[in-house]
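J.: For the record, the sequence lines run as chains A and B. Numbers given in my numbering equal positions in the first sequence, counted from 1, plus 25. Numbers given in my numbering equal positions in the second sequence, counted from 1, plus 7.
In short, the hints are calculated from the structure, not lab data. Treat the hints with caution; some may be incorrect.
Once the Cα atoms are required to be at most 20 Å apart in a straight line, the calculated SDA-like pairs of lysine to any residue come out as [as the list claims (entries may be wrong)]:
| id | chain 1 | residue 1 | chain 2 | residue 2 |
| --- | --- | --- | --- | --- |
| 1 | B | K32 | A | I98 |
| 2 | B | K90 | A | G60 |
| 3 | B | K32 | A | P70 |
| 4 | B | K90 | A | V81 |
| 5 | B | K32 | A | L61 |
| 6 | B | K102 | A | G96 |
| 7 | B | K208 | A | I98 |
| 8 | B | K90 | A | N88 |
| 9 | B | K102 | A | E121 |
Here are a few chain B residues that sit away from chain A, every Cβ distance over 12 Å (derived from the structure) [stated by the list, open to error]:
| id | residue |
| --- | --- |
| 10 | G41 |
| 11 | T49 |
| 12 | V56 |
| 13 | L72 |
| 14 | S167 |
| 15 | D256 |
The C-beta atom is built at its ideal place from N, Cα and C for all residues, glycine as well.
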Amino acid sequence: MALFFSAAQAATETVHEAAEELRAGVHATEEAAGGLPQVNFDAFPSQVFWLLVALVVMYLMFNRVVLPRIGGIIEERHDAVEDDLDRAADYKRRAEEAEAAWQKALSDARAEAQAIADATKAEIQKEIDAAIEKADAEIAAKTAESETRIAEIRAEASAAVQEVAREVAVALAEAVAPGAADPSALTAAVSKRVEG
Amino acid sequence: MAGGAEHGASSGGINAHPMDQFIVKPLFGDESLGLFTVTNQTLWLAVGVLFAFLLLALPTRNATLVPGRMQSVAESLYMFVRKMVADILGEDGAKFFPYIFTVFMFILIANVAGLIPASFTPTAHIAVTGVLALIVFISVTVIGFMRHGLHFISLFWVSSAPTVALRCVLFLIELISYFVRPLSHSVRLAGNMMAGHAVLKVFAAFVPALGILGVVPIAAMTGIFALELLVACVQAYIFTILTCVYLKDALHLH
């Protein structure tokens, strides 16, 4: 509490003092220390002069040195980034091209493989067909030969049967009525009968 | 200064002269203040130029594509002002950029350097901010008349007002506000700087008077100091952006 009081008192005194100083300043501007130092017009020429000197020095330093440097480096960086982006786009385009080429090669290879497979298949088919044809021909030849043989055998057998029949007929006729029958007529009759 | 000492003795331990820090005094000898007198303001203007050199010229000497720390700071400041100029003035702003950048850096450095204890703040002086504002005012007026001739007067003629009588009234108001601009432009900056520094000084005066409890005003000062740092930057920004806005009037009318 005491602290607060003394602080408040101090503040009040300070304010009073400042007010007093202000009042004094209004009456005695010619006194450098009195009043608001900002309205001490005696200081103005020096203040303005040195301000202008400082401004000119700063302006020259910035305009001649600092700003071109910073502007240049920012421009350079901008260009570098732009350049990198361009290059990246170029790389990307090239990668895409490479991928397209690879895809094309792949599909070409597939097509070629398909063609080779088809050709091989056709060739094999042709061979198979030829083999089958040959086999068929062989079989046909064998069959024809067999049929000829069978016909021969049949003819032989038939001739043998006729021979036996004729001999049996002649023998029968001899046995039943010896000398009555003409063997050649008998034979002709038997042949006629067997063949008919 | 002598008067201040008397006051201090009579007010029981409280030794607050919040305005003493703004006194312009010769650095060498006790000569009266002439045009070329080297004063404490001269010293702190020189310090400001030195800071500008250390902050902007030195780190960009060997500027690299990938910036270092200080180069980044310099580039950020550059881009900040350039963007402001481009946003407000557009294409025409390019030729004013060096001066606007100078104004911004000058005020920013002066404001922030002024927060160094026992330093001097040139921008707390109406003589300094007044010159800065007058340069803008005169430039705007000259450029306005050069670009648009007498047509520049139409800046004050509000053609969107419904009646001619109202336009005449508004013409007067606009004209007055145009001439008041340099005053508000300069007093805003000087007033902010002066008030902040004076408040800090008043609080500082409480510290020895309160003994061990002086930590309380010290804590308060720490907070106010942070606020003042913000004000220092914001006021530099405001002065610069208003410079751009006023220039825009001269370049593009409405």
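J.: If a hint holds in the structure, say so; if it doesn't, say that too.
T.: Structure-based check of each hint:
1. About 43 Å separates the Cα atoms of K32(B) and I98(A), which puts this hinted pair outside 20 Å; it is violated.
2. Taking the CA atoms of K90(B) and G60(A), the gap is near 42 Å; set against the 20 Å cutoff, the hint is violated.
3. A threshold of 20 Å between alpha carbons decides the hint, and for K32(B) with P70(A) the separation of about 13 Å falls inside it, so the pair holds.
4. Straight-line distance between C-alpha atoms of K90(B) and V81(A) comes to about 23 Å, which puts the hinted pair past the 20 Å bound.
5. For the suggested pair K32(B) and L61(A), the alpha carbons sit about 14 Å apart, so the restraint of at most 20 Å is met.
6. For the hint linking K102(B) to G96(A), the alpha-carbon distance of about 14 Å falls within 20 Å, and the restraint holds.
7. The suggested pairing of K208(B) with I98(A) is violated, with an alpha-carbon distance near 43 Å, which exceeds 20 Å.
8. For the hint pairing K90(B) with N88(A), the CA-to-CA distance comes to about 17 Å; that is within 20 Å, so the pair holds.
9. Proposed proximity of K102(B) and E121(A) is contradicted: the alpha carbons are some 46 Å apart, above 20 Å.
10. For G41(B), the condition that its CB be more than 12 Å from all CB atoms of chain A is violated, with the nearest at approximately 7 Å.
11. Not every CB of chain A lies more than 12 Å from the CB of T49(B), the least distance being 4 Å, so the non-interface label is violated.
12. Not every Cβ of chain A is farther than 12 Å from the Cβ of V56(B); the closest lies at roughly 5 Å, contradicting the non-interface assignment.
13. With a least CB separation of 6 Å from chain A, L72(B) falls inside the 12 Å interface cut-off, contrary to its annotation.
14. Every beta carbon of chain A lies more than 12 Å from that of S167(B), the smallest distance being close to 38 Å; the non-interface claim holds.
15. Residue-level check passed: D256(B) sits 23 Å from the nearest beta carbon of chain A, beyond 12 Å.
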